[in-house]
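Chemist: Let the sequences and hints guide you as you build the complete structure.
Heads up: the sequence lines are chains P and A, in that order. Here this note's numbering runs 57 ahead of the position in the first sequence, where the first position is 1. Here this note's numbering runs 57 ahead of the position in the second sequence, where the first position is 1.
Calculated from the structure, these hints are not laboratory results. You can take every hint at face value.
Any copy, or any two copies together, can satisfy a pair, since identical chains are not distinguished.
With a cut-off of at most 30 angstroms between alpha-carbon atoms, the simulated DSS-like pairs for lysine-lysine come out as follows:
1) LYS187 <-> LYS257
2) LYS230 <-> LYS213
3) LYS230 <-> LYS157
4) LYS142 <-> LYS230
5) LYS142 <-> LYS213
2 protein chains.
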Amino acid sequence: MSHRIITIEREYASGGREIGEMIAERLGIPCYNREILQMASERCNVSMDYLETAEEAAPKSFLYTLMLTSSPTRTIEENLPLSDKVYIIETNIIRELAEKGDCVIVGRCASYILRDLENLFNVFIYADTKSRSERAVQEYHVDERRVEAMLRKIDKRRETFYSINTGGNWYDKDNYHLCLNSGALGLELCADIVVETAKKTIY
Amino acid sequence: MSHRIITIEREYASGGREIGEMIAERLGIPCYNREILQMASERCNVSMDYLETAEEAAPKSFLYTLMLTSSPTRTIEENLPLSDKVYIIETNIIRELAEKGDCVIVGRCASYILRDLENLFNVFIYADTKSRSERAVQEYHVDERRVEAMLRKIDKRRETFYSINTGGNWYDKDNYHLCLNSGALGLELCADIVVETAKKTIY
Numbered sequence: 058m059s060h061r062i063i064t065i066e067r068e069y070a071s072g073g074r075e076i077g078e079m080i081a082e083r084l085g086i087p088c089y090n091r092e093i094l095q096m097a098s099e100r101c102n103v104s105m106d107y108l109e110t111a112e113e114a115a116p117k118s119f120l121y122t123l124m125l126t127s128s129p130t131r132t133i134e135e136n137l138p139l140s141d142k143v144y145i146i147e148t149n150i151i152r153e154l155a156e157k158g159d160c161v162i163v164g165r166c167a168s169y170i171l172r173d174l175e176n177l178f179n180v181f182i183y184a185d186t187k188s189r190s191e192r193a194v195q196e197y198h199v200d201e202r203r204v205e206a207m208l209r210k211i212d213k214r215r216e217t218f219y220s221i222n223t224g225g226n227w228y229d230k231d232n233y234h235l236c237l238n239s240g241a242l243g244l245e246l247c248a249d250i251v252v253e254t255a256k257k258t259i260y
Numbered sequence: 058m059s060h061r062i063i064t065i066e067r068e069y070a071s072g073g074r075e076i077g078e079m080i081a082e083r084l085g086i087p088c089y090n091r092e093i094l095q096m097a098s099e100r101c102n103v104s105m106d107y108l109e110t111a112e113e114a115a116p117k118s119f120l121y122t123l124m125l126t127s128s129p130t131r132t133i134e135e136n137l138p139l140s141d142k143v144y145i146i147e148t149n150i151i152r153e154l155a156e157k158g159d160c161v162i163v164g165r166c167a168s169y170i171l172r173d174l175e176n177l178f179n180v181f182i183y184a185d186t187k188s189r190s191e192r193a194v195q196e197y198h199v200d201e202r203r204v205e206a207m208l209r210k211i212d213k214r215r216e217t218f219y220s221i222n223t224g225g226n227w228y229d230k231d232n233y234h235l236c237l238n239s240g241a242l243g244l245e246l247c248a249d250i251v252v253e254t255a256k257k258t259i260y
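Modeler: Take a look at the structure:
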């Protein structure tokens with residue numbers, strides 16, 4: 058019997074991180090989000106800022122990867138693009154966290170990485186552009202004139218990160234037990250729904 | 058203050074109709090699905106079978122519609138394609154039902170038709186292909202060899218019906234308060250979640 062893991066994927070500025078923290082607090086379990094990046098940063102002795110850029114970096118072309126991997130002076134692992142290395146390190150960290158105990162994990166394809174676990178509950182948080190824009194401006198201090206472009210850009214990065222690493226589609230509802238519109242429902246109610254539903258399924 | 062309306066859009070054989078009926082029973086309110094088709098059939102004195110075909114018929118080309126509407130011997134309303142006429146009749150019926158009292162409405166773009174109501178709660182029910190195929194074979198007696206093609210075909214019809222009549226995308230999560238994976242959660246739990254969440258929002 059595996060530990061009980063709740064994973065959250067979330068559109069940028071939909072409040073998914075906050076909802077993850079509320080769920081964890083109500084269930085008395087840890088919530089991992091940037092902690093995973095922090096751990097990866099310590100393991101490979103690279104700054105978090107640099108890792109964050111690499112984490113969601115655009116994929117390199119096939120020819121570029123071929124050129125790198127055919128270099129005779131480097132091992133296959135050395136030749137992997139940094140984004141792949143970060144993914145491998147994060148995958149190991151996520152598996153270790155899931156083996157340690159019940160938890161909430163935000164982002165980073167955790168639902169895919171842990172897909173074979175028995176007690177896994179996967180959530181997608183989304184919201185309309187208006188409420189996401191408001192949150193991005195108020196809480197992340199994004200420039201009001203650039204906020205919609207920012208939403209598109211970061212969602213696109215997350216979608217690409219998911220697609221490169223899992224071969225699947227981030228937006229595909231089939232990956233999730235439920236998808237919640239935090240703009241229409243509010244963060245508290247989203248957390249309620251996840252806690253109540255998780256209690257009836259994996260708890 | 059408007060009545061409290063729960064709308065359900067659902068992938069074919071996802072159990073959305075059954076979930077709608079469970080929700081209605083738990084809240085002690087009526088559930089409308091094929092009843093809307095029945096009422097439309099009585100209003101225009103056309104058989105339900107024929108209406109059902111027209112309801113989700115493929116759209117006519119712009120030129121064909123222009124040719125029809127330019128006929129000098131017919132009124133504009135007479136010249137409308139049957140699928141448009143059915144949509145207009147169903148729209149009126151859905152508005153009348155929503156004015157009559159609290160209810161659940163399954164399908165037929167009700168979330169769009171009633172979008173200006175204050176107490177509207179919109180749900181999308183989906184499921185993985187395997188569980189939908191099983192339900193289609195067991196409950197709707199669809200031929201096992203043709204079931205996946207059938208799922209695709211009927212979903213495509215619903216998507217097209219929605220898109221023609223609303224200009225929107227049936228699959229767009231922003232249209233819904235929540236989207237539930239009935240294959241992963243089971244029908245009973247989906248009904249629980251909708252009832253509990255509706256009680257905390259529109260009730």
